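Respectively, the protein sequence lines represent chains H and X.
At position 196 of the first sequence the residue is numbered 195 (numbering that gives the first Met the number 0), and the sequence of numbers has no breaks.
At position 244 of the second sequence the residue is numbered 243 (numbering that gives the first Met the number 0), and the sequence of numbers has no breaks.
If you're looking for bench data, these hints aren't it; they were derived computationally from the structure.
All values reported here derive from a predicted model rather than from experimental measurement.
Be aware that one or more of the hints could be misleading.
[Claimed, not checked] Across the chosen pairs, the derived CB separations fall in these ranges: (1) H:ARG80 - X:ARG280: 21 to 29 Å; (2) H:LYS9 - X:LEU374: 49 to 57 Å; (3) X:VAL291 - H:ASP74: 48 to 56 Å; (4) X:MET306 - H:THR70: 32 to 40 Å; (5) X:GLY375 - H:THR70: 55 to 63 Å; (6) H:GLY44 - X:VAL291: 46 to 54 Å; (7) X:MET284 - H:ASP18: 33 to 41 Å; (8) X:LEU374 - H:ASP122: 32 to 40 Å; (9) H:ARG13 - X:ALA327: 49 to 57 Å.
[Unchecked claim] Computed list of lysine-lysine pairs in BS3-like fashion (alpha-carbon distance at most 27 Å, straight line): (10) H:LYS89 - H:LYS78; (11) X:LYS273 - X:LYS256; (12) X:LYS390 - H:LYS78; (13) H:LYS9 - H:LYS89; (14) X:LYS256 - X:LYS390; (15) X:LYS390 - H:LYS89.
The beta carbon of each residue, even a glycine, is placed where N, CA and C say it ideally should be.
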Amino acid sequence: MGTRGIRIEKLSKRFGEGDTAVLALKNVNMQVAPGEVVGLIGPSGSGKSTLLKCLGAVIDPTSGRMTLDDTVIYDDGWKVRDLRALRRDKIGFVFQAPYLIPFLDATDNVALLPMLAGVPNEDARRRALELLTALDVQHRARAMPSQLSGGEQQRVAIARGLVNRPPVILADEPTAPLDSERAMAVVRILNDMARRFETAIIVVTHDEKIIPTFRRIYHIRDGVTHEEAGEGRDFERPLHAVAAS
Amino acid sequence: MISLAGRDILHAWGKFIFTGVGLGLLIGVTLTMAGVYRGMVDDGKVLLDNSGADLWVVQKDTLGPYAESSSVPDDLWRSVRAMPGVSQAVNITYLTMQVRRGTEDVRAMVVGITAGEPGAPGWPPHLVGGRQITRGHYEAVADLATGFRIGDVLSIRRNRYTVVGLTRRMVSSSGDPMIFVPLKDAQEAQFLKDNDAILMQRRRTTANPAFNRPGAPDLLDAVIASQTGNSYVNAILVRIRPGFTSQEVAEPIRRWKRLTVYDRAQMEGILIGKLIATSARQIGMFLVILAVVSAAIVAFIIYTLTMDKIREIAVLKLIGTRNRTIAAMILQQSIVLGVIGFVVGKIAATFAAPMFPKYVLLVPIDSIRGFLAVLGICTLASVVAIRMALKVDPAEAIG
Chain H
0 MGTRGIRIEK LSKRFGEGDT AVLALKNVNM QVAPGEVVGL IGPSGSGKST LLKCLGAVID
60 PTSGRMTLDD TVIYDDGWKV RDLRALRRDK IGFVFQAPYL IPFLDATDNV ALLPMLAGVP
120 NEDARRRALE LLTALDVQHR ARAMPSQLSG GEQQRVAIAR GLVNRPPVIL ADEPTAPLDS
180 ERAMAVVRIL NDMARRFETA IIVVTHDEKI IPTFRRIYHI RDGVTHEEAG EGRDFERPLH
240 AVAAS
Chain X
0 MISLAGRDIL HAWGKFIFTG VGLGLLIGVT LTMAGVYRGM VDDGKVLLDN SGADLWVVQK
60 DTLGPYAESS SVPDDLWRSV RAMPGVSQAV NITYLTMQVR RGTEDVRAMV VGITAGEPGA
120 PGWPPHLVGG RQITRGHYEA VADLATGFRI GDVLSIRRNR YTVVGLTRRM VSSSGDPMIF
180 VPLKDAQEAQ FLKDNDAILM QRRRTTANPA FNRPGAPDLL DAVIASQTGN SYVNAILVRI
240 RPGFTSQEVA EPIRRWKRLT VYDRAQMEGI LIGKLIATSA RQIGMFLVIL AVVSAAIVAF
300 IIYTLTMDKI REIAVLKLIG TRNRTIAAMI LQQSIVLGVI GFVVGKIAAT FAAPMFPKYV
360 LLVPIDSIRG FLAVLGICTL ASVVAIRMAL KVDPAEAIG
């Protein structure tokens with residue numbers, strides 16, 4: 000495998016100093032290729048959130064190297080200067096709750112990211128509408144978040160994560176608030192989008208229902224990861240069928 | 000780029016409107032307070048303008064006739080009239096008192112003017128109804144604010160006066176409406192005693208051997224006559240001839256007549272700098288307090304609105320929104336709140352001003368200053384919320 004997608008090598012994160020220091024991540028290695036969806040699972044306090052924050056360039060690792068789409072982000076204490084722009088352009092986020100901006104409609108919630116990157120409003124909205132159409136929520140494009148169902152909100156949130164065509168998407172428990180059917184729909188959407196846009200997707204989850212859908216799974220416990228093959232079930236169902244469900 | 004602040008305001012317009020209205024009432028009170036101060040200054044200027052005088056000749060070393068009591072003999076005007084550069088010189092008296100109007104009374108400044116000389120200094124320069132005083136006694140011209148109408152009869156001391164003319168905006172420096180009466184009547188009113196007091200004074204004078212000498216039988220009558228009459232006025236109003244300056248005319252009067260003379264600028268300085276200085280400071284303190292309260296309210300509201308959006312702000316920061324975009328959103332909301340408040344306040348002050356018993360003068364420059372102050376206060380008030388928003392960790396969006 001090359002270094003496209005996301006790759007971390009011997010990534011460690013320590014909180015505190017001296018006797019009170021806690022090593023939350025210990026030499027973590029991970030690689031996710033473009034178009035691939037992997038699961039990251041582990042019990043509470045295992046280091047999942049810390050790893051997600053390091054991958055999302057929200058907190059800095061103590062040591063190790065992280066490469067995102069052929070660009071070195073961290074390298075043993077060195078880091079790129081503008082992490083904010085990096086998050087905007089290279090990383091998409093999908094959260095446990097959709098966290099849509101309540102005063103923007105569905106289109107503008109998605110279009111906001113390209114607008115922040117300097118894309119003209121009309122182009123950004125066109126791009127947002129294409130994604131909403133791909134996710135089959137185009138009929139709710141002018142609806143405010145409060146007027147959307149939970150599943151629609153999550154699809155809008157996925158569109159927001161994808162709109163800048165980031166090489167990597169970090170999904171933090173994206174199916175937690177959803178029932179089985181909608182949870183599976185979200186997983187199918189993520190897989191479909193990963194393939195369509197050549198995006199590497201890391202899904203942090205506790206959800207037993209969706210774990211069998213991953214081809215590869217990273218288990219994390221006490222800050223240490225190990226990789227295993229997943230079952231990779233139910234990937235091939237087309238998106239229109241998902242939308243219909 | 001879309002306006003995040005604008006979208007948020009449109010989304011929660013009710014909250015912004017109601018908060019803006021509340022703030023607006025506070026701003027309205029602030030603008031009205033400024034208007035009260037302006038009204039006091041204007042009352043002083045109107046008093047000087049309407050007097051039609053270029054110089055005020057008063058008792059030596061006093062700040063009369065408005066800020067202090069002053070009395071000068073009522074025959075002195077003749078010698079003042081003869082001074083170089085003097086075009087007109089007339090006696091005037093001012094007496095603030097309660098004037099009977101039917102069964103109630105009204106506070107007014109009674110002005111004694113020389114009868115029969117319309118257009119002279121001290122006379123009401125224009126009437127809105129009726130005519131000027133033409134008789135030497137018992138006629139009056141009243142300001143509309145007194146509530147009198149033409150033909151009404153008013154009582155000053157024991158005398159009754161018929162209102163023959165009406166004026167508008169003829170007020171004292173404290174805003175009391177004026178009533179013009181003939182000079183002799185006003186002089187009498189200033190020192191007029193009741194009958195019992197007159198009898199007691201006569202009895203006391205008669206019992207005094209210094210005044211009631213057997214060898215000088217006319218002395219007692221002369222002393223009693225001098226006690227019952229008033230041959231003093233409060234000031235002499237002077238109009239100067241064209242081609243003379245105030246100082247050229249005032250200086251010889253000061254030197255040769257041993258009187259104090261004020262020109263227009265000096266009199267304005269006395270009225271505004273001394274007479275209403277304490278009230279102005281009082282109003283100034285109120286304005287400061289109201290500004291601080293307004294700032295605190297805006298700061299609290301904006302802080303609360305921002306606290307409600309903490310999670311959204313964390314998401315915005317996580318997805319790469321610049322700090323300045325978030326700061327601008329909060330600042331714009333604060334300013335919009337201020338603008339709504341200012342518009343409401345300005346409208347409220349405009350409609351409320353005529354209802355005040357004293358003159359409230361709303362001048363455009365105060366509105367402009369008020370608007371700039373509101374913008375400044377809103378900017379300052381948003382600082383706390385902006386600081387809090389910028390401290391939000393984008394990691395909070397992840398959990």
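Do the hints match the structure? See the list:
1. H:ARG80 - X:ARG280: 21 to 29 Å: Given a distance of about 55 Å, which is not inside 21 to 29 Å, the answer is violated.
2. H:LYS9 - X:LEU374: 49 to 57 Å: Since the Cβ atoms of LYS9 (chain H) and LEU374 (chain X) sit about 54 Å apart, the hinted range of 49 to 57 Å holds.
3. X:VAL291 - H:ASP74: 48 to 56 Å: holds (52 Å)
4. X:MET306 - H:THR70: 32 to 40 Å: holds (37 Å)
5. X:GLY375 - H:THR70: 55 to 63 Å: violated (45 Å)
6. H:GLY44 - X:VAL291: 46 to 54 Å: 48 Å Cβ-Cβ, so the 46 to 54 Å window holds.
7. X:MET284 - H:ASP18: 33 to 41 Å: Check failed, 58 Å falls outside 33 to 41 Å.
8. X:LEU374 - H:ASP122: 32 to 40 Å: holds (34 Å)
9. H:ARG13 - X:ALA327: 49 to 57 Å: For ALA327 (chain X) against ARG13 (chain H), whose Cβ atoms are near 37 Å apart, the range 49 to 57 Å is violated.
10. H:LYS89 - H:LYS78: Holds, at roughly 15 Å.
11. X:LYS273 - X:LYS256: holds (26 Å)
12. X:LYS390 - H:LYS78: Holds. LYS390 (chain X) to LYS78 (chain H) sits at ~21 Å (cutoff 27 Å).
13. H:LYS9 - H:LYS89: holds (22 Å)
14. X:LYS256 - X:LYS390: Distance ~76 Å between LYS256 (chain X) and LYS390 (chain X) Cα, so the pair is violated.
15. X:LYS390 - H:LYS89: holds (23 Å)
The structure fails to meet hints 1, 5, 7, 9, 14 from the earlier list, while all remaining hints are met.
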